[in-house]
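Chemist: Work out the full structure: start from the sequences and follow the hints.
One line per chain: the protein sequences are A and B, in this order.
For the first sequence, numbering that gives the first Met the number 0 assigns the number 0 to the initial residue and increments by one for each residue that follows.
For the second sequence, numbering that gives the first Met the number 0 assigns the number 0 to the initial residue and increments by one for each residue that follows.
Hint data in this document are derived by calculation from the structure and do not stem from the laboratory.
Just to be clear, a hint being listed does not mean it is correct.
As the list claims (entries may be wrong) - The list that follows gives simulated cross-link-like pairs (lysine-lysine, DSBU-like), each with its CA atoms no further than 35 Å apart:
| # | chain 1 | residue 1 | chain 2 | residue 2 |
| --- | --- | --- | --- | --- |
| 1 | B | Lys-7 | B | Lys-123 |
| 2 | B | Lys-23 | A | Lys-111 |
| 3 | A | Lys-98 | B | Lys-23 |
| 4 | B | Lys-123 | A | Lys-111 |
| 5 | A | Lys-80 | A | Lys-98 |
| 6 | A | Lys-80 | A | Lys-111 |
| 7 | A | Lys-111 | B | Lys-89 |
| 8 | A | Lys-80 | B | Lys-89 |
| 9 | B | Lys-129 | A | Lys-98 |
| 10 | B | Lys-23 | B | Lys-129 |
| 11 | B | Lys-47 | B | Lys-7 |
| 12 | A | Lys-81 | A | Lys-98 |
| 13 | A | Lys-81 | B | Lys-47 |
| 14 | B | Lys-123 | A | Lys-98 |
| 15 | B | Lys-23 | B | Lys-47 |
| 16 | B | Lys-7 | B | Lys-23 |
| 17 | B | Lys-47 | A | Lys-111 |
| 18 | B | Lys-47 | B | Lys-123 |
| 19 | B | Lys-89 | A | Lys-98 |
| 20 | A | Lys-111 | A | Lys-98 |
| 21 | A | Lys-81 | A | Lys-111 |
| 22 | B | Lys-23 | B | Lys-123 |
| 23 | B | Lys-129 | A | Lys-111 |
| 24 | B | Lys-129 | B | Lys-47 |
To be verified - Some chain B residues judged to face chain A by a derived CB distance under 7 Å, without partners named:
| # | residue |
| --- | --- |
| 25 | Tyr-35 |
| 26 | Leu-84 |
| 27 | Tyr-119 |
| 28 | Val-142 |
| 29 | Pro-180 |
Note that beta-carbon positions come from the ideal geometry of N, C-alpha and C, so glycine has one too.
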Amino acid sequence: MSGTDLPRDARAAYSFAHASEAEFARILDFYQVAWEYEPQVFPILWDLDGNVLESFAPDFYLPDLELFIELTTLQQRLVRKKNRKVRRLRELYPNLRIKLFYARDFRALMLKYGRSALVSELSGTLGQVGPRPAAESDAQAGGTAGHDTLRLEPLELSSSTAAGDPVMRTSRARRARDARRRAVRRAAASAPSSPIT
Amino acid sequence: MKHSQDLKADVAEILLSEEQIRAKVAELGRRISADYAGRELTLVSVLKGSLPFMADLMRQIDLPLRIDLMEVSSYGGTSTESSGLVRILKDLSSPIDGRDVLLVEDIIDTGLTLNYLLRYLRGKNPQSIKVCALLDKPARRLVDIPIDYAGFQIPDAFVIGYGLDFGEVYRNLRFVGVLRPEAYES
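Modeler: Written out as structure tokens, the structure reads:
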């Protein structure tokens, strides 16, 4: 999905997995930085037959800056898993530029923009739209397709801010449909290839 | 936001003293004077945070120079909610086409504002455009923009003073300090 090349109404229809991601997209829009949301899934672990066991889809890609951004506003336990994934990603794809934006970074950003009151609502589990993906859970299963399928499993919005936000007001059906489409597309795109060793 | 009557009471630590800032500004002024010798420079400052730095820096540059001021809306500002896009609140007073421009910033954090400003100013066809920033906070940088004249690299902390504010307060402190968390968590 791409950001600034589309009308704002269209962008508002996108479904973000987390309220902090929607807020981050708004910041990028504000400063007219082009973005794409989860445009690519990178396989990071394969079995001996070359099947993808684990993959990682950074939250944002900023094409003009050639930079991936991963937002991590969740619990420390999950941050450790994400750190590990980012390390693995950097090992396997050394030319790829990725920046991990931690909860403290996001909090500081909100503070800088005078939106500190939103921090608690946009951070952690309160800001989640759906359960975090299997890729971040202990199960670690799912591979490429499983990542987004679980990530965008529809759930009730848990944050009052998110519930009132047009960006986050996407219907369950639309999120599920989007997730299915993306899962199929990505599964096809990253179908068994030679594992990087 | 609730701040103390004694602004210094809200400062957890002094990061850069008045003397350190003065010495660094003089050093930057010498470098800029040498690099632009024989040319005419236009300093463009970004309101409001850069004002003290601009005022001190221009007096440390031994060149014929012009100054100009700009102001851009910041994300989260109420005046910008309707459009959702950054806006130029105050544009340059004079054209800069064909001129050597030095953009004077108080702090480079994410780089988003600077990135926008540079794109905007380049569209006005200056002969050259460089960046001078007193403070460089690289920890949360999103847009990597070379800072031609950088004062201090600072840690990832919320800093105030010497033009930097929180809720429009603390700009008049003569030093750069770290704001106590209690001041913004309350």
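Chemist: Tell me if the straight-line CA distance from Lys-23(B) to Lys-111(A) falls inside 35 Å.
Modeler: With a Cα-Cα distance of about 25 Å, the restraint between Lys-23(B) and Lys-111(A) holds, given a limit of 35 Å.
Chemist: Would the pair Lys-129(B) and Lys-98(A) pass a check requiring their Cα atoms to be no farther apart than 35 Å?
Modeler: holds (26 Å)
Chemist: Holds or violated: Lys-7(B) with Lys-123(B), Cα cutoff 35 Å?
Modeler: Outside the cut-off at roughly 42 Å; violated.
Chemist: Check whether the Cα positions of Lys-47(B) and Lys-111(A) lie no farther apart than 35 Å.
Modeler: Roughly 14 Å separates the two Cα atoms, so the pair holds.
Chemist: Is it true that the CA of Lys-123(B) sits at most 35 Å from the CA of Lys-98(A)?
Modeler: holds (32 Å)
Chemist: Tell me if Pro-180(B) is really an interface residue toward chain A, meaning its C-beta lies closer than 7 Å to one of theirs.
Modeler: violated (10 Å)
Chemist: Starting from Lys-111(A), check that the Cα of Lys-98(A) is at most 35 Å away, please.
Modeler: holds (19 Å)
Chemist: Has the given pair, Lys-81(A) with Lys-98(A), been kept, meaning a C-alpha gap of at most 35 Å?
Modeler: holds (12 Å)
Chemist: Within 35 Å, alpha carbon to alpha carbon, are Lys-89(B) and Lys-98(A)?
Modeler: holds (33 Å)
Chemist: Decide if the proposed pair is consistent with the structure: Lys-80(A) and Lys-98(A), CA atoms, cutoff 35 Å inclusive.
Modeler: holds (15 Å)
Chemist: Would you check whether Leu-84(B) satisfies its interface hint, that is, whether its CB is within less than 7 Å of any CB in chain A?
Modeler: holds (6 Å)
Chemist: Measure nothing beyond the straight line between the CA atoms of Lys-47(B) and Lys-123(B); if it is 35 Å or shorter, mark the hint as holding.
Modeler: Holds, because 22 Å separates the two Cα atoms, which is no more than 35 Å.
Violated hints for the displayed structure, listed by number in ascending order: 1, 8, 13, 25, 27 and 29.
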